[in-house]
Amino acid sequence: MRVSFIVNGASETADDVWEGESLLYVLRERMGLPGSKNACEQGECGSCTVYLDGTPVCACLVAAGQAEGRQVRTVEGLAEGDRLAPIQEAFVEAGAVQCGFCTPGLLVQAHDLIERRPDPSDAEIREALAGNLCRCTGYEKILDAVRLAARRKAAI
Amino acid sequence: MEFLQPATWEEALDAKAEHPGAVPIQGGTDVMVELNFDMRRPAVLLDLGRVTELTGWDPAGDRLRVGAGVPYATVIDALGDRLPGLAQAARTVGSPQIRNRGTVGGNLGAASPAGDSHPPLLAGDAVIEVESRRGIRMIAATDFYRGVKRSALEPDELIRAFWMAPAAGPQYFSKIGTRNAMVIAVCSFAIALYPEERRVGTGIGSAAPTPLRATAAEEFLARELDWDAPLDEAVAREFGALVAAAAAPIDDVRGTAGYRRHALSVMARRTLTWAWRDHLGGTGRSGRGAA
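Line order of the protein sequences matches chains A and B.
To convert, note that position 45 of the first sequence is 45 in full-length UniProt numbering; the numbers rise steadily by one, no gaps.
To convert, note that position 229 of the second sequence is 229 in full-length UniProt numbering; the numbers rise steadily by one, no gaps.
Hint data in this document are derived by calculation from the structure and do not stem from the laboratory.
Among the hints, erroneous ones may be present.
Stated by the list, open to error - On the chain A side, residues computed to face chain B include the following (Cβ under 10 Å):
hint: 1; residue: Y25
hint: 2; residue: C60
hint: 3; residue: A63
hint: 4; residue: G65
hint: 5; residue: E76
hint: 6; residue: L78
hint: 7; residue: G81
hint: 8; residue: G105
hint: 9; residue: E115
hint: 10; residue: P118
hint: 11; residue: D119
hint: 12; residue: D122
hint: 13; residue: R126
hint: 14; residue: L133
hint: 15; residue: I156
Claimed, not checked - Listed next, the stretches of chain A that the computed footprint assigns to chain B, with coverage defined by at least 3 CB atoms under 8 Å from CB atoms of chain B:
hint: 16; stretch: 9 to 21
hint: 17; stretch: 38 to 44
hint: 18; stretch: 85 to 97
Said to hold, decoys possible - What the simulated footprint calls covered on chain B by chain A, stretch by stretch (three residues with Cβ under 8 Å from a Cβ of chain A suffice, anywhere in the stretch; the number is not a length):
hint: 19; stretch: 90 to 96
hint: 20; stretch: 209 to 218
hint: 21; stretch: 225 to 231
All values derive from a computational prediction rather than experimental measurement.
The beta carbon of each residue, even a glycine, is placed where N, CA and C say it ideally should be.
Construct the entire structure; sequences and hints are all you get.
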């Protein structure tokens with residue numbers, strides 16, 4: 001079947017999509033957007049987190065057809081041109097990236113958190129990121145990055 | 001595979017009548033896992049995500065009628081004051097991303113004995129509204145669960161809503177897992193106090209082929225509780241023992257039958273203790289998050 005939706009502000013269409021195919025597969029394999037990562041395919045790891053109509057979801061658990069006509073925003077759509085989003089800059093500065101596999105999902109999820117909660121407590125950060133697994137950094141630097149981004153956002 | 005996307009509830013009922021084997025998909029948090037892992041290849045996928053009738057809730061007499069497509073995040077944010085036991089259970093579901101998509105209706109459709117919604121639905125006297133072209137049926141939660149991942153739902157029926165009264169007294173949900181997030185329950189327990197009726201509702205999860213009420217334990221409390229006095233520890237302990245006895249757990253990868261029984265007795269005693277503290281405190285409402 002044919003599936004069309006808006007990705008990062010641009011209208012995209014994919015043809016010959018299998019009816020049981022996930023939004024994640026369509027993004028990565030058909031639309032050339034490999035930022036969202038494919039790992040567990042069961043909503044356990046959070047590395048495929050994208051915005052669907054403004055709400056963070058696991059793209060692996062959305063059937064492609066469910067996204068028809070909707071707005072999708074991936075990690076590729078967080079930056080404005082060459083200017084990284086504050087959460088992305090904070091991840092770089094805090095050393096919150098090692099292998100980088102979990103990073104796109106964490107960025108989208110953390111981006112949503114600081115949009116909704118400008119000054120999140122540590123408990124709120126941990127709760128918001130509870131569905132995003134990282135196997136390298138041990139999370140402390142990720143927490144540092146989210147705190148840093150939230151502080152900067154509050155100062156603007 | 002066919003992908004059907006009805007725009008209205010009427011269209012959805014027509015589609016299900018025409019394709020009784022169609023698998024409904026809403027949040028996708030169960031169905032997509034089965035598709036991704038080749039565990040299921042239905043001929044027809046019936047996407048209910050466009051059916052706006054399913055995503056609202058309304059007062060219906062003295063109860064709330066909550067659409068089957070209301071996600072857990074909304075149960076927590078918008079209904080948590082009136083359905084605190086269910087909201088506590090919803091907070092333990094998966095991760096924020098899962099709670100943004102997963103629904104109580106989907107939990108009912110999957111009818112897994114480990115589904116987090118089931119114990120509070122049982123304790124809260126919920127009724128499930130299902131519909132087909134043949135008509136509407138109102139099924140008490142106690143009659144809904146029929147076996148492991150089997151429910152009273154007929155092939156041509158869809159789940160429209162669940163009906164539940166706003167909490168009449170304190171409600172609590174407790175769940176055992178290996179960590180705080182992203183866990184399937186080893187076992188779980190929900191309690192709801194009905195102070196005016198002088199009775200207690202219960203729900204056991206993940207410790208029998210179906211979620212179930214601990215009926216003998218409820219009858220024991222209806223007989224033994226002095227609603228104006230502090231909780232008698234011996235009564236709380238016996239309540240725990242009766243809840244454990246009501247379960248029919250198995251040994252599996254998440255835990256042994258013996259562990260589940262023990263954990264249930266502890267959760268039953270603790271949740272009753274928490275609820276009783278609220279009851280005597282006169283708040284009439286649960287003040288704590290899920291354990």
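Could you check if G105/A really has its C-beta closer than 10 Å to a C-beta on chain B?
holds (9 Å)
Evaluation of the interface hint that places P118/A against chain B, nearest CB under 10 Å
violated (17 Å)
Checking C-beta pairs, does the stretch 90 to 96 of chain B have three or more residues closer than 8 Å to chain A?
holds (count 3)
If you look at each residue in the stretch 9 to 21 of chain A, do at least three have a Cβ nearer than 8 Å to any Cβ of chain B?
Satisfied; 3 residues make the cut.
Next item in the hint list is L133/A. Is there a CB on chain B closer than 10 Å to its CB?
Because about 9 Å separates L133/A from the closest Cβ in chain B, which is inside the 10 Å limit, the hint holds.
Just to be careful: measuring from the Cβ of I156/A to every Cβ in chain B, is the smallest value less than 10 Å?
At about 25 Å, which exceeds the 10 Å cut-off, the nearest Cβ of chain B leaves the hint on I156/A violated.
Go check the stretch 38 to 44 of chain A versus chain B for me, would you? Three or more residues, Cβ under 8 Å, otherwise it fails.
holds (count 4)
Is the interface hint satisfied for E76/A? The criterion is a beta-carbon contact with chain B at less than 10 Å.
Where the cut-off is 10 Å and the nearest Cβ of chain B is about 18 Å from E76/A, the hint is violated.
Just to make sure I understand the rule, a stretch counts as covered if three or more of its residues have a C-beta closer than 8 Å to a C-beta of the chain. Does the stretch 225 to 231 of chain B meet that for chain A?
violated (count 0)
Given Y25/A as an interface hint, is its Cβ closer than 10 Å to any Cβ of chain B?
holds (9 Å)
Mind checking the CB of C60/A against every CB in chain B and telling me if the closest is under 10 Å?
Result: holds, 6 Å to nearest chain B Cβ.
With a cut-off of 8 Å between beta carbons, are at least three residues of the stretch 209 to 218 of chain B near chain A?
Coverage by chain A is violated for the stretch 209 to 218 of chain B (0 residues, Cβ < 8 Å).
The structure fails hints 5, 6, 7, 9, 10, 11, 12, 15, 18, 20, 21 (numbered hints given earlier, in ascending order).
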